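Asks: Fit chain B to the supplied structure of chain A, relying on the hints for placement.
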Amino acid sequence: MSWRIGVDIGGTFIDFCALETGTNRFETIKVLTTPDEPGKELLDGLGLLHERHGVAPEEVASFVHGTTVGINTIIQRKGSRLALITTAGFEDVIELARLRMPEMYSLFCARPEQLIPRDRIYGVRQRQLASGEIAEPLDTDALAGIVEAIRTKGVDGVIVSFLHAYRNGVHEAQARALITELAPELFVFTTSEVWPVIREYERTTTAILNGYVHPRVAGYLTALEAALASRGVPAGPMLTKSNGGVMNAQTGKRACVNMLLSGTASGVIGAAWLAEQAGVRNVLTLDIGGTSADLALIIDGQPQFGTGEVVGDFPLFLPSVSVTSIGSGGGSIAWADDFGVLKVGPESAGSTPGPACYGRGGTRATVTDAMAASGFLGHTPLAYNQIGMDRARADAVIGELAGKLGLAPQATAEAIIAVAVSEMFVEVNKLVARYGVDLREFTLMPFGGAGPMLGCFLARELGIPRVLVPHRPGVVSALGGLIADVKGDFIQTVFAAAVPDSLPTLREALARLKTDGLAWIRDDQRFAGPVVEILTADMRYHGQSFEIEVPLSEGWLADGDLAPITEAFHRQHLAIYDFNDIAAEVQIVNLRLVVSGATPRPNLAPAAEAQTATATPEHMIDVWLDGAKREVALYHRDALRNGHRFTGPAVVAQQDTTVCIPEGFEAQVDAWLNLHLSLRPEA
Amino acid sequence: MVDKVTLQVLANHCRAAAENMAYTLYRTAHSTFVKETEDFTVMVMDKTGRVVAVPMDLGATWYPGMNYNRAIDLVDEYRPGDIAFTNDPYSGYLATHAPDTHLWKPIFHEGEIVCFVGGHVHNTDMGGAVPASLSRSLTEIHQEGIRFPPMTLMRDGVFDEKVLAIMSMNVRKPHLNMGDLKALAGALNTGERKILAMVRKFGAKGFMDGLDGLMDYAEHQAREILRSMPDGDYVFADYADEDGVDGNPCRLKLTLTIKGDEAILDFTGSDPQLGSSLNVPTGSDPRHTLLLVGVYYVLYTLNPQLMLNSGLTRPFTCIAPEGTVLNPSFPAAVGMRSLTCARLRSLVFGAFSLAIPERMPAAPAGSSSIVNVMTTDERTHRSVIAAINPVVGGGGGMPHRDGPNGSGADAAYLKNTPIEITETEVPIQFVHYGLLPDSGGPGRWRGGLATVMEFKVFAPNSRITVRNRDRSIFRPWGTLGGLSAETSNFIINPGAANERVLGNTDIAIAEPGDIIHIHSPGGGGRGSALDREPERVLLDVERGYVSAEMAKTRYGVVIVEGAVDLDATAALRATLRPNAHTTHFHFGPERDAFEQVWHARNYDDLTGLLSALPVHWRFFVKTKIFAAIRDAANAGDVETAFAAVRRDYPQVPQVMLTAA
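Quick note, the sequences are listed as chains A and B, same order. Note that the first sequence covers residues 1 to 683 in the working numbering. Note that the second sequence covers residues 1 to 660 in the working numbering.
Some hints here could point you the wrong way.
[Unchecked claim] DSBU-like, lysine-lysine: derived pairs with alpha carbons at most 30 Å apart:
| id | chain 1 | residue 1 | chain 2 | residue 2 |
| --- | --- | --- | --- | --- |
| 1 | A | 153 | B | 552 |
| 2 | A | 404 | B | 201 |
| 3 | B | 201 | A | 629 |
| 4 | B | 201 | A | 343 |
| 5 | B | 173 | B | 4 |
Since the hints were made in silico from the structure, they are not lab data. Since the structure is predicted, the reported quantities are computational estimates derived from the model, not experimental observations.
Chain B extracted, bound-state conformation:
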């Protein structure tokens, strides 16, 4: 009964099943990760594990193109009433860090599996070296908590108590894990009921054929979008500030090749796998969902009618060489892959900006700090651990409007907590929570402003953790003449004698009376700021988004007594225009200076050389070469630096530098 014309009916029924599962999970889960951060997903899959439908109202945005099949195949047998699970990032490449626990359930009809339903929750803690199991400083997966390979969690509708007991024994908040797992299992049972109703309505064959139809539909939509882009190779690189604590920058590089209705995403040239937990495990899967999250955003932006399912990944092929940050080898740590994933998304946005400049925005802020405070309540002397607001930056300037302030683009799913609620529950006092003037990249369409949050602590040894800190060195880029945005920062006691500037550090101990200041990056600008209507610049000044000083220096708008001086503006703009920035991207002075030394050839030489080394040497040698080049006063080349490293460490295998 499902034909092409009425495919939307099946699509709606599948989406209803997905939304139903999501609400059930959201309603019954226990942890704040599910309730507040909505760090969970649910999905309907076909009988091989390809995702066919996801909710649009609730949950995270990363997995509509996911494929469960490698993990599904690692479990020997499925019976009706079974639920399988895993949280191991290296078995089936489904869970992408240990706190994420994925469950899946086969749906049987007359003895045959017609499809699967599945989903994940981010557990508050999975054990390991640090509370919450996540820290940039961890170096191997074994420090990141207990891992369960794909196995049966529920048989004939009954949980395997042994598995639950082992998990409970090894994690710090077992009741939260148990509550969330049961809520997710409940959601999958809801999904099963909805699927069986669909099988009754459409017939088993009609249902299964219909799922194929929905994936074909998404594939068609994706191909139509690709066909609308000019063929070509589009090369882009972006950098994470540091590859570990006190580290060097980490480059991600992408060669996007568009040919007809297909695209290749070649990540060759990205850094070797890191000695920190910033690695992104993708298992050499040419369509791994983490490599394609940026693509989902691009496709959806270009066609908001897009079906979000794994069919849309079919025209894409990813290449991420093994032993690199985007395809690390076991047992590399992966806990903080979310920081790298943010860079990965901006990398993809940048490459598409080259392919279709007229349709893409500038870079979004691209770094959302997740803030936690551990302090003592002076009234009760009790220790309090609480999640404070995420500090999120604005979107990039769009082809038709400014980037939204304080959130947007790939961070738009995050929520905050009211100041009044936090102050009631946590013994801290906010001083400031608002937008940061002048932080958005100037442009014809301005980038969205950064958010600034400041609060005061009152107890000794208050511990502040700020995860996902990035973009404190390298700015969100502007495009088409638009300028880059302001960087982020983490400062204790800003402007005071005892100020401590912490940049991308993710943990600090504060003293009583200390003011903690965190601000996000802003969004990049798009188009020349000299082309922005003077009235709009004036409005920005009136609204406090842009200072009069910046209006003058960047936008060339002269404001006198609250009005635009048109003649002075025209004259100023005429003098500024010859020196205006004209290349496709504007990265800002930090990246420009870095690339003076580490220009594309040098970095390509580096990654080429490192890729020839055995995996366990790569990060070590990268660090040494960076040091050698830093020491060589005016920047030697990689070959010379490598030779110097081998002089100090003759154990380093000799490899030949090949042209990248």
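Same shape as in the complex, but just chain A:
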């Protein structure tokens, strides 16, 4: 008997999923976070799992968790003190960045404070060219002087970033060796080891983020290993990564930058698996928590990957599950401006004090209060009785805002929901335009504490005809960790024209990728099972400023046949951009290899079928919906069985969320107890 455990640490709660491998028994719990004692909640949760569900620590064969320790280190600016050494003449690389700033209409637009201020950035004479050829040797005397200066600055570590080091990392390695020799107390990361990709700002920033979170993440992981060991858990902890995969804690201590988006990414991985199980291929995921909403597309069963996701104030240029975050959630505050127009956000009541109706000190109307005042919430204990629901407080704060607006309280609550939904509508539209997809072919999957509350309203606004609410919407991210594969990304910048002359370069790059990838998965991750390698290339037409990623077959390179490579690019370019240019020169900028080892998916048994097709409501409740007071059916999620059907308007209450279903939706429960809601065409 053994258990696999997936854990996701959020702002308010920490979620646990436990899967018994033999029986496929599946249990979940939720524990309040203890911000003052990080790590304590993990042990609390393990204790609770043991107590309630009999999950003995010594039977835990795998422990995968998503943690916000890395991203919080960046957001709270509590990372290490670093110095940066660049090629002389290019010391301002991180301050100039890519120039363009947010808020481009404001004369007060500004850049965030850099993680390494300019007085700890040093230029050293050395130069590689774009070809990798060394044009000027590394000035080691000058470097020794710089190291001496750095040692007076009280730093923890050094980042080394030289121009064109993605092509030739010799000078960076030489510099690292010298720094380590002269100042063994400093840790050193070079851009060519962290992520050797062309584009100096992007590569440097990625290495800096890695060094910035390194001491905290490493310390956290060491403590976690000790804690688990102290409880007698035999498994070493695994970490979810921004790329949707997992790695072991040992790797995570140095490759820290890879876990910055661990929770959001595993939410999408969890959603993709649930969708697959439910037989749905195209999904828009909507994970709404207290302060933010995360949106992602799953196209033909595949989560989408990209680079340039934003972490705190900084872009992250590693392959990551593409997630759009909006500062709009259940805690977003509603207010009226001086013209009498209702606004929702960007200010949020967050998890403390939270919405007024939680009775934890919140005094301003939030989206959750609007839902409560409309009668949707409070029909079942929330979050396993850890949060109370005080309708009267919601009515009071909504009533106060209604007074300012000159509207009835119910109309005010409904307007808050409409405005909040329209904020998300803008972001979804941008996402859809970026991918060029048609939402009518998609299913919305809402999860997180507030997702199912707002999901149907957003679907209706977007013209998405189907909504899929997972059985346990509160633990999708934890589930994602539990099922994620061991997965590493490798990159080689080649910047070669797609012509036969480039073949030796391409083959050499591929060989290096394969060596590195296999060493990672076999030696570092100790993964013994079958390894899957996916080869892609970042390609573009000569003169374009960005690339698209094209899947390649290894055989094409081995055979020396470039035609299928360029054809695949032309095809994909046409699909994404609506045009291609068969006559133009094609460039291969990077070769990428994804190396992964599969984690067995739980093979859950279908739930027992309901005896009748019609679900029986618990009772009727009064809600304010679509401009009128209505009596609607209230269902308890736990009472909904495989095969049950019912029609909206309805409310489904469950421990971790509430599902609001307006009129026009038909609901059906599937064999895995997912709730499929479909909008009648005329509705």
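Replies: This is chain B only, laid out in the frame that chain A set:
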């Protein structure tokens, strides 16, 4: 269903339509102007052509207050499926130079036009005298490429092949123009789908009334901001370095009158229209968007919740007399109006700085050089033409913080290209790309630093073009005791024996091994540098933003062995303070010297006199009067100079000097 309380819902739907159009265009366009520079716009308009919504993520910032209606009216008939277009700066005053092609599409519902969607792309080339169709030296619009008056480009969903064939025949990169036009047409079709969905949701009347509501909302916000400013007349002038190649300064002047919740922007006193392509075509439109771009920035800065649509232009009335640089008469050249527009924005910022000094920053750098290189790749012997990084300067010191370094304010939308990408593709080698120490205007809040870019070329006859060069003579100004910033420059082989200092020149031929150096201006300082905390000055010195020398001379901070000597600093500041600069603006020695001769009365006399002359005489006479005054050793007055000019050129019509 749209009422005032839920106006935000319609605003979000309109913005979603605009963002959707922008992403579609960005995704499908071909040219680097769209892809890299993001020199494009898209918008949702009401049924008369007033802009109601623009994207906030992508594109340029100039057109949220635009009104398409004059151009719309120049096309006789609209049918469903039509798209109309123009690039003529003088027909409807929509396109403001020939490379900008504007398209608009009527959206029909039950046979009636409910609104328009539209947008523009900057075409890589529209033909004419020079590649890219832009040069300061051009003198009439006919040299700036082929022009299409407002006409139907697409009928019943089908492009007019004749129009496309004529364009293709006349431009240098037809496939780029065609690709971008089709991408923009595709974006407008996306917009149409989104609009029709809104009409279904809100009802045709609800939608159209809602658009009016959104413009009323923006108008209300703009009026609230104006009401918060003290009534009064605020007079300001700023200068472009030169009015043409080897020219004289070009003055822009603004009298900003704020009264209650309205404002008048009177540009009378600005230069006559120029014999170069620096003219800004505005067609006597009292709310022309180019005259108001600076206003959008000011309003948005003061209220970041501002709805950006044409409603916010309603409280403003602009006066720009005909035949002047801000309202040229056909056929004046207008291609490089972007240089003048940068001055126009700093002019507006300066006037508002007088009205609300406590809420406005000092001048941003105000000149972003757009650099292109044409050279030969020695490996392939192929000619390479490439856009290199824009060279952008910092923002002005703000009421609460330093100006950002290397970009900011009205240049914040520009992007650069990684050095590693450029070096891979273009046979040049960068020597330096970074911030220029001591270039930001000293102040309580320092101006943002300038950027410096240096690269080496390897082939003979490498041609370097650097558009929008300005602020090489007149500095970005400081305010409230803050000092002006460093000027820009363009130098070949700086510091070497064969150094060539090119100032605001915008083209140069380089030899193998030459180092090309371009640096931007910095941002102006705000508040007295003597009031800046010594620790902050020390930090600036440690960070290399400010030299120890400047810390001492400008900030009065004495640094000894890496620490502030507080006593010495206090003593030094006490001696510097009596001579500290105290007027509202600090312009720097160049402008001060210029205004010794060309003081306000003299310049007002000049523009008054020129405005009385027929348009075709104005630039000629301005040039002659400048020469006459330069020759008159200690600066005669304009009247005497004019008399001297008339002696040499009796053909010049006699006009009387009237008090300005």
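Asks: Now tell me if each hint is right for this structure.
Replies: Hints, verified against the model:
no., hint, result
1, A/153 with B/552, "holds (24 Å)"
2, A/404 with B/201, "holds (27 Å)"
3, B/201 with A/629, "holds (22 Å)"
4, B/201 with A/343, "holds (20 Å)"
5, B/173 with B/4, "violated (48 Å)"
The earlier numbered hint that this structure contradicts is number 5, and it is the only one.
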